[in-house]
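*Asks:* Chains as they are written, first to last, in this note's numbering: chain A, 56 to 455; chain B, 49 to 296.
Please note that a few of the clues may not be correct.
Derived pair list, reagent style SDA-like, types lysine to any residue, alpha-carbon separation capped at 25 angstroms [claimed, not checked]:
{"hint": "1", "chain 1": "A", "residue 1": "LYS179", "chain 2": "B", "residue 2": "PRO254"}
{"hint": "2", "chain 1": "A", "residue 1": "LYS332", "chain 2": "A", "residue 2": "HIS288"}
{"hint": "3", "chain 1": "B", "residue 1": "LYS244", "chain 2": "A", "residue 2": "ASP146"}
{"hint": "4", "chain 1": "B", "residue 1": "LYS208", "chain 2": "A", "residue 2": "LEU178"}
{"hint": "5", "chain 1": "B", "residue 1": "LYS208", "chain 2": "A", "residue 2": "ALA173"}
{"hint": "6", "chain 1": "A", "residue 1": "LYS332", "chain 2": "A", "residue 2": "GLU287"}
{"hint": "7", "chain 1": "B", "residue 1": "LYS98", "chain 2": "A", "residue 2": "ASN226"}
{"hint": "8", "chain 1": "B", "residue 1": "LYS208", "chain 2": "A", "residue 2": "LEU182"}
{"hint": "9", "chain 1": "A", "residue 1": "LYS337", "chain 2": "B", "residue 2": "ARG180"}
{"hint": "10", "chain 1": "B", "residue 1": "LYS207", "chain 2": "A", "residue 2": "ASN169"}
{"hint": "11", "chain 1": "B", "residue 1": "LYS276", "chain 2": "B", "residue 2": "LEU261"}
{"hint": "12", "chain 1": "A", "residue 1": "LYS186", "chain 2": "B", "residue 2": "PHE210"}
{"hint": "13", "chain 1": "B", "residue 1": "LYS244", "chain 2": "A", "residue 2": "ARG232"}
{"hint": "14", "chain 1": "B", "residue 1": "LYS244", "chain 2": "A", "residue 2": "ASP230"}
{"hint": "15", "chain 1": "A", "residue 1": "LYS362", "chain 2": "B", "residue 2": "LYS98"}
{"hint": "16", "chain 1": "A", "residue 1": "LYS151", "chain 2": "B", "residue 2": "SER238"}
{"hint": "17", "chain 1": "A", "residue 1": "LYS261", "chain 2": "B", "residue 2": "GLY128"}
{"hint": "18", "chain 1": "A", "residue 1": "LYS179", "chain 2": "B", "residue 2": "LEU213"}
{"hint": "19", "chain 1": "B", "residue 1": "LYS98", "chain 2": "A", "residue 2": "PRO313"}
{"hint": "20", "chain 1": "A", "residue 1": "LYS401", "chain 2": "A", "residue 2": "LEU419"}
{"hint": "21", "chain 1": "B", "residue 1": "LYS288", "chain 2": "A", "residue 2": "HIS114"}
{"hint": "22", "chain 1": "A", "residue 1": "LYS110", "chain 2": "B", "residue 2": "LYS244"}
{"hint": "23", "chain 1": "A", "residue 1": "LYS149", "chain 2": "B", "residue 2": "LYS244"}
{"hint": "24", "chain 1": "B", "residue 1": "LYS278", "chain 2": "B", "residue 2": "VAL258"}
{"hint": "25", "chain 1": "B", "residue 1": "LYS288", "chain 2": "A", "residue 2": "GLY202"}
{"hint": "26", "chain 1": "A", "residue 1": "LYS186", "chain 2": "B", "residue 2": "GLU242"}
{"hint": "27", "chain 1": "B", "residue 1": "LYS208", "chain 2": "A", "residue 2": "ARG176"}
{"hint": "28", "chain 1": "B", "residue 1": "LYS208", "chain 2": "A", "residue 2": "PRO180"}
{"hint": "29", "chain 1": "B", "residue 1": "LYS244", "chain 2": "A", "residue 2": "GLU107"}
{"hint": "30", "chain 1": "B", "residue 1": "LYS70", "chain 2": "A", "residue 2": "ALA315"}
{"hint": "31", "chain 1": "A", "residue 1": "LYS179", "chain 2": "B", "residue 2": "GLU249"}
{"hint": "32", "chain 1": "A", "residue 1": "LYS362", "chain 2": "B", "residue 2": "GLN100"}
{"hint": "33", "chain 1": "B", "residue 1": "LYS244", "chain 2": "B", "residue 2": "ALA282"}
Hints are computed from structural coordinates only; laboratory data are not their basis.
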Amino acid sequence: MGCISGAGEDVQTNWANLCNGVVRCRTVPEWLFPSTLPYPVFVAPAVCCHPEQRKYFPHLRERPEEQINRTILLIINAAVQALIQAGLAPDNLKGKRVGMIFGTTVGCNFNDENYYSAWLRGLKPDLEPVKRYLTGNIASALQTFSGNRGPTAVITNACASGTDAIGLARNWLLDNRSDIVIAGGGDELSRIAYNGFSSLQLTSRKPCLPFDRDRDGLNLGEGAGVLILESEHHCHERGCSPLGWLQGYGAAADAYHPTAPHPEGRGLKSALDMALKQTGKKQKISYVNGHGTGTPSNDPAEMNGLKSLFADHKEITIVSTKGITGHTLGAAGAIEAIFTLLSLNKRFTPGTAGCRHPDSRLALKPLPQGESRKLASPLGITASLAFGGSNSALILEGAG
Amino acid sequence: MVQISSIAITENKIPETSFTRKLRRADSFTNLAVTVSEHALSDLPAFNNKMQTGIFIGTAYGPLATNFAALDTLLDNGEGQMSPTLFSHSVFNTAAGYISRLFEINGPAYTFTNYSWPFFRALEEGNAAINRNIIGRAIIIGVETYSQVLTDAGHRLIKKNFPVLEPGAVAWILEGEAETADNCICLLNSVEFEEKPARPEDLISPHPLVHALSVSRTARQLKHSGNKTKIWSAEELFGKARVRLQSP
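Between the sequences and the hints, there should be enough to build the whole structure, so can you do that?
*Replies:* Okay, structure coming up:
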């Protein structure tokens, strides 16, 4: 697995900062976009194509780096980390059906304000931004850069996109549509999304406080998370041990409101139900990495959905990791799947950064900041809720 | 095998709908997706298990014009003054959210974004979800609304023979064998497509709804053609696609 976010440039750094409660929330840097708004963000490290990445994606050489959007660069960074950890050299991918499926929100949009402003003034601006947009489909771009063959898909299910990408990757393997799938999500910070979320009054002026009684909104973040998925047979055939197993996946719609979650977490409960039925191990779930954005409406809805399934489940630990990454939108589900797998493998989770005073009105109690817990089993959940009422959940089992 | 129970096609204008009031804030992208779904579902018996219905939308450009309309409010009004309604409608899965809400569908809802074969990605995933018994009914939608910005860029990129980008939508209702009834237009035997690296000007033409419309017409005609099977195929500079259809 590979990861890059405001909490660090790789999985190890992200994990270390999660455990140490390092919060790198900051004002929007000028190099990303100018802003005078008071809402801090989580900024991923600068990314560029280094030689290791060009080994996996040799056709990167054919495109100047400034012609590749930042979301794709973030994903490539995470994907190469993941491929290296999986022990997959570029040659190992040749002749295989390498699926590529990613979630994004900002990464699929035309966000070039300079082009648009010039066009509005009746000018004929240089077409480079349009070309970058038309060659900016993440999965198609990565397939082009790698030269591999296999199915590709980009899921634009708002904040559940990354989770859905990983879940559908599992289906691709179960249906024998791919030998290996590079799956995850990515999103860059953009001025449009930043202004959009603030106009919806969803962003906080402080570092976010997921599940806290004083929570007042989210912080936007950026980054990418990528998992390499393969069938157990394929993994053993090449002499590798898995980091864990994706045991279940569920997705369901709230059918309730364009932007707000159903107050009782209706869709989340259905998604969890669907995923848990595939494992038959509901009682063994020890960990939930919640969506936990820190908005007034998300956190209670999510806890209500979880309570409907885990009300009498004493061993379960619920955390949010957005206090150290911010809400990375299309990347969130993938980054959080990685944190879930790390926690399950270590049988340990730190508490929720930002949650100093757990909201007593929530249906279930989260693990607050400053506490940590040993996990009773290697089985856990990561869940995502999204605009449009999309909900999705993954059941992961750590290999230990 | 999965059956195609209904096909609806909308070209150029948004058709009549019973959801006029509920769509008053929606943009044309969402309007098209909802109304084409309504027409596709209108001839079918009600399907009571709402968890057993899935939504699969394929689009190349999503609500692109709404994205620019939201951007207009930022450019005109300044920071922090973007229209929240326009911004929330510029999110790609807004149409899926409306469909799930208006038709009370609680199953999985996906929006796939791809410049080459967006409808076929949605079709393949819907077909697979039924074959895996995740759902019993799938609404497959291809929808595009484009934008004048894109049209102008297309003319400059391609110079001549750039196609007219007319908004439109296609919806298929797929059902599993357990759900099959008298409504079978034809059976969906297989969906195959592959992408290959392409230049921007190759991706923007032909416009992405062309193939969705073409395969929809082929499927409709099969029922009355007397043929047992029909293979629809297309090849473009960005790849090729093939759909095998079978008479009921």
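*Asks:* With a cut-off of 25 angstroms on the C-alpha distance, tell me whether LYS208 (chain B) and ALA173 (chain A) pass.
*Replies:* Judged against 25 angstroms, a Cα distance of about 23 angstroms means the pair holds.
*Asks:* Is it true that the CA of LYS208 (chain B) sits at most 25 angstroms from the CA of LEU182 (chain A)?
*Replies:* Holds - the C-alpha atoms of LEU182 (chain A) and LYS208 (chain B) are around 16 angstroms apart, at most 25 angstroms.
*Asks:* Does the structure keep LYS288 (chain B) and GLY202 (chain A) at a Cα separation of 25 angstroms or less?
*Replies:* 17 angstroms, holds
*Asks:* Between LYS276 (chain B) and LEU261 (chain B), is the straight-line Cα distance small enough, at 25 angstroms or below?
*Replies:* 21 angstroms, holds
*Asks:* Is the Cα-Cα distance between LYS362 (chain A) and LYS98 (chain B) 25 angstroms or less?
*Replies:* 22 angstroms, holds
*Asks:* Hey, LYS278 (chain B) versus VAL258 (chain B), does the alpha-carbon distance stay inside 25 angstroms?
*Replies:* The given pair, whose Cα atoms are some 18 angstroms apart, holds under the 25 angstroms limit.
*Asks:* Is LYS151 (chain A) within 25 angstroms of SER238 (chain B), Cα to Cα?
*Replies:* 22 angstroms, holds
*Asks:* Taking only the CA atoms, is the gap from LYS98 (chain B) to ASN226 (chain A) under or equal to 25 angstroms?
*Replies:* 22 angstroms, holds
*Asks:* Are LYS208 (chain B) and PRO180 (chain A) close enough, with their CA atoms no more than 25 angstroms apart?
*Replies:* Answer holds: LYS208 (chain B) to PRO180 (chain A) is near 19 angstroms, not above 25 angstroms.
*Asks:* For the pair supplied as a hint, LYS244 (chain B) and ASP230 (chain A), confirm whether the alpha-carbon distance does not exceed 25 angstroms.
*Replies:* 23 angstroms, holds
*Asks:* Quickly compare the C-alpha distance for LYS207 (chain B) and ASN169 (chain A) to 25 angstroms and report which way the hint goes.
*Replies:* Satisfied, since the Cα-Cα distance of roughly 23 angstroms is no more than 25 angstroms.
*Asks:* Between the alpha carbons of LYS179 (chain A) and PRO254 (chain B), is the straight-line distance 25 angstroms or under?
*Replies:* Cα-Cα ~23 angstroms, so holds.
The structure is consistent with each of the numbered hints, conforming to all of them.
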